[in-house]
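Student: Next come the chains, spelled out residue by residue.
Number of protein chains: 2
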Amino acid sequence: MSTSPKQALLREYAFVAQALAAPARLMLLEQLAQTEAAVEGLARKTGLTVANASQHLQQLRRAGLVTSRRAGKAVIYRLQDRRAVGLMGLLSEVAEANLAQVTDILDGLSGGAPAPEPITRAALAERLAAGAVILLDIRPEDEFAAGHIPGARNITLADLERLLPRLDPETEIIAYCRGPYCIYAHQAVARLRQHGFKARRMQGGLPEWREDGRAVRIPPSL
Amino acid sequence: MSTSPKQALLREYAFVAQALAAPARLMLLEQLAQTEAAVEGLARKTGLTVANASQHLQQLRRAGLVTSRRAGKAVIYRLQDRRAVGLMGLLSEVAEANLAQVTDILDGLSGGAPAPEPITRAALAERLAAGAVILLDIRPEDEFAAGHIPGARNITLADLERLLPRLDPETEIIAYCRGPYCIYAHQAVARLRQHGFKARRMQGGLPEWREDGRAVRIPPSL
DNA sequence: TTATCATTCAAGCAACCACTTGAATGATAA
DNA sequence: TTATCATTCAAGTGGTTGCTTGAATGATAA
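Residue numbers (our numbering), protein chains in the order written: chain A, 296 to 517; chain B, 296 to 517.
Hints should not be assumed to be uniformly reliable.
One copy or two, it doesn't matter: identical chains are merged, so the pair holds either way.
Below, simulated BS3-like cross-link-like pairs (lysine-lysine); rule was C-alpha separation at most 27 Å, straight line [what the hints assert, rightly or not]:
1) K301 - K493
2) K340 - K368
3) K301 - K340
These are computed hints drawn from the structure, not numbers from a lab.
Predicted model only: the values in this text are computed from it and were never measured.
Make the full structure from the sequences, and use the hints.
Tutor: The structure is reproduced here in structure tokens:
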């Protein structure tokens with residue numbers, strides 16, 4: 296070979312980073328961190344064309360972050376490496392800690408009022424065991440159905456207003472969604488607090504909870 | 296703004312990943328993980344032209360991974376975010392676990408014979424406390440002088456042969472270098488084992504040791 | 001001031017990337 | 001077999017990236 300082993304290694308490592316270096320692929324990874332899925336479904340969720348999604352997914356596969364298998368006519372993709380969740384989380388942490396743009400956007404989501412610190416997953420687990428908390432899963436129904444934190448109630452942002460009258464204003468409400476790239480929980484918390492509820496986000500999302508080794512409820516499909 | 300907050304966030308996260316997506320920048324980060332340094336020194340170590348290194352460093356700075364300050368005529372760059380070390384490590388782990396090319400290259404470094412599993416840093420710390428191990432730092436002298444594991448002996452690959460007669464063949468030898476992208480320790484272990492010594496690598500390198508919160512010796516400069 | 005040195009900037013070029021479009025493949029069902 | 005459906009491939013386009021070269025900046029020392 297004409298290049299040194301060191302250069303060859305660095306090229307490979309950079310190749311993995313390259314796979315993470317496009318918004319479209321981060322979105323796909325976020326979806327795949329919820330549950331495995333076929334190309335068409337991923338394309339619909341992410342707003343990409345099918346051909347484009349397919350190409351991005353192949354790039355993720357070449358980087359070793361994702362695998363695929365055939366199921367009839369469909370090809371099902373899923374995360375290949377659990378570390379992908381860690382990588383995605385670190386990316387967002389670095390960005391939030393060091394890029395002013397990011398803190399601006401996140402502040403904007405809270406609608407003026409400062410958002411409270413998110414609760415750690417460990418602390419949430421304790422509170423859940425004590426029954427001292429309302430847990431809301433702010434994701435689309437199908438993702439909730441594919442797995443959620445036991446005891447969570449599924450509600451989309453659009454339907455949140457309708458739920459308000461039935462929530463106890465004295466009990467703390469915790470919201471979570473897909474993970475560090477998902478803004479639903481931020482928005483839900485902002486709205487809940489506008490209405491006087493005690494609401495906070497959970498740190499991370501379902502993939503991080505699962506990665507902790509905590510229980511995930513998968514309801515029987517009918 | 297014409298784009299949704301979600302898209303804007305993803306663009307920023309992808310921007311951080313983009314910063315990691317070039318071999319040249321990974322090399323610069325590896326160097327900066329050893330110790331802060333000026334542009335010219337970094338350019339020399341990495342083999343980049345000064346202008347090129349400067350541009351890459353600015354890109355790392357825009358991504359929040361690195362900061363700089365002026366010191367006289369020179370501009371000193373250093374890691375801004377400790378999580379950068381974690382990101383670099385995860386990248387290499389994912390690559391090693393999932394890319395056949397990478398395992399091929401690493402196997403090649405061991406020169407035929409299979410390399411033993413590296414020792415964890417925790418285990419090494421115990422062994423060091425017990426004095427039951429020889430620790431070799433396989434980095435250039437200046438990097439050793441900027442900080443190293445207490446008790447380590449500095450030896451470059453080129454000088455390793457000369458050291459062999461003075462090493463005890465019964466005591467286990469542990470080698471480390473810059474971190475997951477550095478191949479010196481791999482090569483040193485391969486040579487030592489060819490000569491019949493009991494040698495293994497330490498997992499990670501000095502930056503990871505430091506990140507663990509373990510003691511780093513910085514000898515007084517003369 | 002002027003000269004020197006380290007770094008950064010600006011322009012230019014080849015290589016690469018994301019996305020689109022339309023055709024090709026591969027599996028299933030009629 | 002043929003028709004259908006999900007996915008992948010192939011080619012083309014505009015925009016971006018990495019590197020080079022040579023000039024410009026900014027700090028120091030004579």
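Student: Which numbered hints turn out to be false for this structure?
Tutor: Hint check: nothing fails, all pass.
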